[in-house]
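Participant: What follows is the residue order along each chain.
There are 4 protein chains.
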Amino acid sequence: MIIVMKATAGARDVAAVAERMRALGFTPEVGEAAERVIVSVAAGGGAAPEAELFSALPGVDKIVALQPAYRLVSRAAHPHDTVIRAGDALIGGRNLAFMAGPCSVENRAQTLEVAEYLAALGVKILRGGAFKPRTSPYSFQGLHETGLEILAEVRERTGMAIITEVLSPQDVPLVAEHADILQIGTRNMQNFTLLEAAGRQPRPVLLKRGMSATIEEWLLAAEYIVSHGNSQVMLCERGIRSFDKSTRAVFDVGAIPLLKHLTHLPVIADPSHATGRWDLVEPVAKAAVAAGADGLIVEVHAHPDQALSDGVQSLRPDRAADLLASLRRLTAALDRGLDLAPAALAA
Amino acid sequence: MIIVMKATAGARDVAAVAERMRALGFTPEVGEAAERVIVSVAAGGGAAPEAELFSALPGVDKIVALQPAYRLVSRAAHPHDTVIRAGDALIGGRNLAFMAGPCSVENRAQTLEVAEYLAALGVKILRGGAFKPRTSPYSFQGLHETGLEILAEVRERTGMAIITEVLSPQDVPLVAEHADILQIGTRNMQNFTLLEAAGRQPRPVLLKRGMSATIEEWLLAAEYIVSHGNSQVMLCERGIRSFDKSTRAVFDVGAIPLLKHLTHLPVIADPSHATGRWDLVEPVAKAAVAAGADGLIVEVHAHPDQALSDGVQSLRPDRAADLLASLRRLTAALDRGLDLAPAALAA
Amino acid sequence: MIIVMKATAGARDVAAVAERMRALGFTPEVGEAAERVIVSVAAGGGAAPEAELFSALPGVDKIVALQPAYRLVSRAAHPHDTVIRAGDALIGGRNLAFMAGPCSVENRAQTLEVAEYLAALGVKILRGGAFKPRTSPYSFQGLHETGLEILAEVRERTGMAIITEVLSPQDVPLVAEHADILQIGTRNMQNFTLLEAAGRQPRPVLLKRGMSATIEEWLLAAEYIVSHGNSQVMLCERGIRSFDKSTRAVFDVGAIPLLKHLTHLPVIADPSHATGRWDLVEPVAKAAVAAGADGLIVEVHAHPDQALSDGVQSLRPDRAADLLASLRRLTAALDRGLDLAPAALAA
Amino acid sequence: MIIVMKATAGARDVAAVAERMRALGFTPEVGEAAERVIVSVAAGGGAAPEAELFSALPGVDKIVALQPAYRLVSRAAHPHDTVIRAGDALIGGRNLAFMAGPCSVENRAQTLEVAEYLAALGVKILRGGAFKPRTSPYSFQGLHETGLEILAEVRERTGMAIITEVLSPQDVPLVAEHADILQIGTRNMQNFTLLEAAGRQPRPVLLKRGMSATIEEWLLAAEYIVSHGNSQVMLCERGIRSFDKSTRAVFDVGAIPLLKHLTHLPVIADPSHATGRWDLVEPVAKAAVAAGADGLIVEVHAHPDQALSDGVQSLRPDRAADLLASLRRLTAALDRGLDLAPAALAA
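Chains X, H, G and D are the protein sequences, given in the same order. Start counting the first sequence at 1; every next residue gets the next number (the numbering used here). Start counting the second sequence at 1; every next residue gets the next number (the numbering used here). Start counting the third sequence at 1; every next residue gets the next number (the numbering used here). Start counting the fourth sequence at 1; every next residue gets the next number (the numbering used here).
So that you can see chain X by itself, here it is in the shape it has in the complex (with noise of 0.2 Å):
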């Protein structure tokens, strides 16, 4: 870190920085650049103090953090990338992986209607809330623990591996009972209780991106659930917030290539929310692929106007295979393949 004085500083200034940092444990240089003092202390391998603790102190100017706040999830930390394990998928290796199912778990029929359909396919992952986040307390608020139920007879007969939402860290238990994977949503980036209570349990998270969260809040955000112990995290971009409402979110699909040069975390994109509109979830996640991405999770409704949440943004189930398809070649180009069941990739 290196802390540029005001032109204006005196030395009493100087001195109350250099000893702040001190009695943080670290050992401040005193120098000068550009006719400014400045004050450094080098990190070393280890952490740099708080920028915040030193932006009040009279006389300081800029405050240049040289390493990012994150340290486990950064690629300096960890050079390779992570690969998680859900079931029989692989996320984050050479295949793209692939989610997909409905929003909600409406009822056991159209679960299992769809899943059937999606496992025939060859896909590995069903997603399916029972826990559903809503903007008005009057929605469908999903079907909680008999969803989880549905979900969990569903892996049984179809051998999928489950990604479910939780919303509150007194459910964790319970949903990692129940899934292969835990997502956190959107509106809950910075739940931190809930951050906490995703890195004190074993099962891989899916941590989507808050809808106006930066990349190093996100990043800050994966670091609380890996340094309370879950190292088995993947970021999702589900498209940000903007001034414009011709899509639901915009996908920021340079957050990708982004992402994989700062962090060793798999990356997924959410084509559904970020377009809310079936007939562009193709051509999106196309391009999460073509810029990089580890994986795509995909919202399909075996009927999506009878769909209680969503609709308008799922796919129908035939429209899924010919994404399939299409993805199959993509990835080719790519030199990537998909992480589909061996019996389909065969078809």
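No wet-lab data here; the hints were simulated from the structure. Among the hints, a few may not be true.
Any copy will do: because identical chains look the same in the list, a pair fits if it lies in one copy or spans two.
What the hints assert, rightly or not - No farther apart than 20 Å at their CA atoms in a straight line, the calculated lysine to aspartate or glutamate pairs in the DMTMM-like style are these: (1) 62 / 35; (2) 6 / 35; (3) 62 / 305; (4) 62 / 50; (5) 6 / 305; (6) 62 / 52; (7) 260 / 279; (8) 62 / 279; (9) 6 / 29; (10) 245 / 35; (11) 6 / 279; (12) 245 / 61; (13) 245 / 217.
Following the hints, complete the assembly by docking chains H, G and D onto the known chain X.
Facilitator: Frame of chain X, contents of chains H, G and D only:
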């Protein structure tokens, strides 16, 4: 609700829309306007069907909601201003409420020092965080239960009411036991299980606006609390996220009079988090009051340069006194007063 | 257009709305839906009245536009894709158009060096700025007419078509004399006198999206050009402004397929300005193509570290060659080709 | 400027940075801080080199600018407030300037009616658009020269100064001939040829903030005007673009005191465009004044429901009178006055 069908919609599409309405217990009417078929339903005094349940039906073009999705918090439902009591303070009435104190409860002495200073100024409500939501897992996270105990002791000694943040549904009973007002922070505005827990206990709740929450989303978050049983909710504008980093956030001053149209709940302004700079706090505080805010919540620290968090945006006590003096003149020019302890007002 | 009156609107309010419609030459119909009076007008094939002319009338609640305000650029008006020719290049057809070159024309040698390299790769369109819109008045502003003459000479020597920016209506004739395509930059997307001037000359126009322009505003800006007589317009997504500064802008990849639904105009992607980092250019370029872009415009500089502007986002020539190689495989997997000179394609 | 090299930078990288500085006429110093090489240059009283010229050099990690890129408009360059005279009005002094009038000059009678009403209230500056920047090419575009002539006649009859918008460099002489203040609108904030033309003529200029312009970009746009010879520039906050459509824009009230720190130029507030609703104009106008604005510009129309543009955000004349009455009390409480004609103040 009025649903406008596409020019290409057929009779079967119209029938499906009407049938969905009937299935939800509504009585649709089919008409025509601008060479389009329209299917409408009158909500009467009650709720309209949810737009989302129709948007994926074939042939649907536009859906016009005629009522907001929130009900209990709307001005229409309750024309008179809600007035909330906390200790000796009144929030939402003629006089401007004023809450002040440090970002974090760092220790007993620091908290007492600033509280006693503020109490001497007549301030009736002390803010101070015991559970701190921090972007980085490595930042100071607050004193937790010890912090609550310090706040309770300060209340005993000063007679001030206490507002403090709660981060998790599990902590709601504990925080409600020690505090007079529960604060739900910007990152938790759509932490729905926390909102529900806050709705099931009797303390007033200050609900901060999410960093990128629309006014409607914010009111629906308040609706979660009220619909779970607690009508004592105040809304706190604390700045929204923008493209410009020259201030910490952008204080949406126009939201204040807009909210006064839309809802009966009191509206509080937080100029400290909105600006992130102590030297902008007074002008933005005054702006909020001129725009019609019912109260202010301001960070004040006895020694901002020593603060463990938010020092750079905290007022020194003497500047808080100056702010109160200028607010006294300002409120008088607006035919309002300041909700301070009587002795201070007489001074 | 359908106007829904407030529940409290009276007969006089309705009459005023209807009369305003008649005054504008439309035939209103008055009906009822959801216990509200509605006043509607069918646009037929023509234009609907402007919503703004009704929004201040007493008793008006909601105004529902049934047609977009743009007409000539809409897909409905012209179902087939517009294909634009510039020199030997075709933009908007089956093959991906590729424009490349330096941010600024800095001098003759620099421009020739990169142009000859690119021409040897088969690139048919050279980009290069002679008039530079710079945030600071103290930054390099371009070579102006000298720069145009250099570009014209490069065209002579390489056979490449030239795209270059025009900043002012006065300069349109001069730039149109030297260039094959006029570029209108993001800061000028709503410089309406410039749009009109570009509409009154015959060269194709590449219209960049404003940094915070909605899709509708962008299409209306294109409509300015087309309605003034020039139908040869292509739209260029170059990233939009967001709260996150980790990339220069956010590339709105979902805008590409959305535009392909809404308009017949070709859609170009600029991954250089969107990301601001050369190492993100290739993945975002590929993403744009996978999402359906008709072409790319990419900054390439023979010596990026010497560039007077945008060096950090410019590709080195060898990396441009690598990009073309991977685009060749990618377009093939999408059943498309690359619009390169035949010799290069044969290589 | 301080350039911090990467930990991996070599001696050749450092030498290249230093040499680039020397080539630009600066004297670099090479030092060390936090185990990094730093290359710095003191700007003295003058300009520092541009960061962009170094960012693409190998081994460069961070570049710390110690001066803003704007100079002439900075408070440091000119500590006293700039005060601008237009007709009888003073802008930037102790008293609040007040500009009012219709969005567009629609015809002679409409303009005279509202102008005479406002003049009777003591308003010294009339706003009214003759050249209208409209999102759609099919909307009313203003009366152009005829509109200017109407405004000139109104000045003759009322003694009011005129502010009106100019859209194109070609029109600057014509508009400057008829108007007392030239307005440059939000869409043209970075229309640099227009800024330069406005800088080369003698009338004061009101420069609106771009819809998504940062404070620094805005000040650099003002710097264009001032550096081309015209120091009579005022800045107008008119709301910025956000994700929330419940108001037309978000009025960035914190920008007002921030600008008063950074620049000596007067700061004007436009609550009409910021809110887009007449019933929010008064509270936001008062907020702007409480935050320290030097003036207001407000849309007033004799018959808002008949307006050809912006009717919904225009005040009726009686409401403008009410606004002035409440501003009189508000400014008094802030130890300021209202810059109205003396007769009106005596009333």
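Participant: If a hint holds in the structure, say so; if it doesn't, say that too.
Facilitator: Hints, one by one, checked against the model:
1. 62 / 35: both (14 Å within a copy, 18 Å between copies)
2. 6 / 35: Intra 10 Å, inter 22 Å, cutoff 20 Å: intra-copy only.
3. 62 / 305: Between copies only: 15 Å across, 55 Å inside.
4. 62 / 50: Both: 13 Å inside a chain and 18 Å across chains, each within 20 Å.
5. 6 / 305: Between. Shortest inter-copy distance 16 Å satisfies the 20 Å Cα cut-off; intra-copy 62 Å does not.
6. 62 / 52: both (11 Å within a copy, 19 Å between copies)
7. 260 / 279: The answer is between: 11 Å across copies meets 20 Å, while 28 Å in one copy does not.
8. 62 / 279: Answer is between: at 17 Å across copies they meet the 20 Å cutoff, but 47 Å inside does not.
9. 6 / 29: both (17 Å within a copy, 19 Å between copies)
10. 245 / 35: Intra 49 Å, inter 27 Å, cutoff 20 Å: neither.
11. 6 / 279: between (55 Å within a copy, 17 Å between copies)
12. 245 / 61: Classified as between: cross-chain Cα gap 16 Å, same-chain 39 Å, threshold 20 Å.
13. 245 / 217: Result: close only across copies, 12 Å inter versus 24 Å intra.
In summary, the structure is inconsistent with hint 10 from the numbered list given earlier, while agreeing with all the others.
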